[in-house]
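Asks: Sequence:
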Amino acid sequence: MIFVVASFLYFGPGQTNYLVLFLLYFSYSAMVLSLSLAWNSMFRSYATSFALFSGIGSIMCLISGLSFPLSLLPQSIQTMVRVLPTYYLAHGLLMLGKQSGSGILLSAVVLWIFAGIFLLIGSKRRF
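The opening residue of the sequence shown carries number 8 in my numbering; numbering runs sequentially from there.
Calculated directly from the structure, the hints in this document are not laboratory data. Please read these numbers as outputs of a predicted model, since none were measured by experiment. We put the beta carbon where it would ideally sit given N, CA and C, even for glycine. Each statement offered as a hint is correct.
Computed Cβ-Cβ distance ranges for the label pairs, DEER-style:
| # | residue 1 | residue 2 | range |
| --- | --- | --- | --- |
| 1 | 36 | 74 | 13 to 21 Å |
| 2 | 15 | 113 | 20 to 28 Å |
| 3 | 109 | 17 | 24 to 32 Å |
Using the sequences and the accompanying hints, generate a full structural model.
Replies: Now the structure itself:
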């Protein structure tokens with residue numbers, strides 16, 4: 008929310024559709040919260056969970072296009088990262104810049120599907 012408001016104040020109202028930008032970030036936030044729930048349900052130790060999540064989360068952001076453009080990666084890696092949920096935020100932001108409504112909708116729907124899957128995995132009881 009802070010990022011969207013700050014970009015609105017810095018760039019002005021005519022630069023991009025801030026409602027769509029907010030919806031993309033909201034979808035990504037829901038997916039990340041669900042992923043965290045699913046991840047923490049797999050480990051008994053908080054320290055182990057945190058250490059592995061920090062490393063894997065950083066790698067996911069690095070190779071999915073959030074840290075730098077995917078065009079800098081080899082083509083084989085570009086096709087493999089499409090299974091990562093973090094890829095779809097970068098894809099949605101790219102489609103927002105290109106004014107592609109179908110690409111933005113695809114990214115938001117895939118993020119919500121990932122959120123649902125992770126929520127189902129994370130809410131499963133362990134016996």
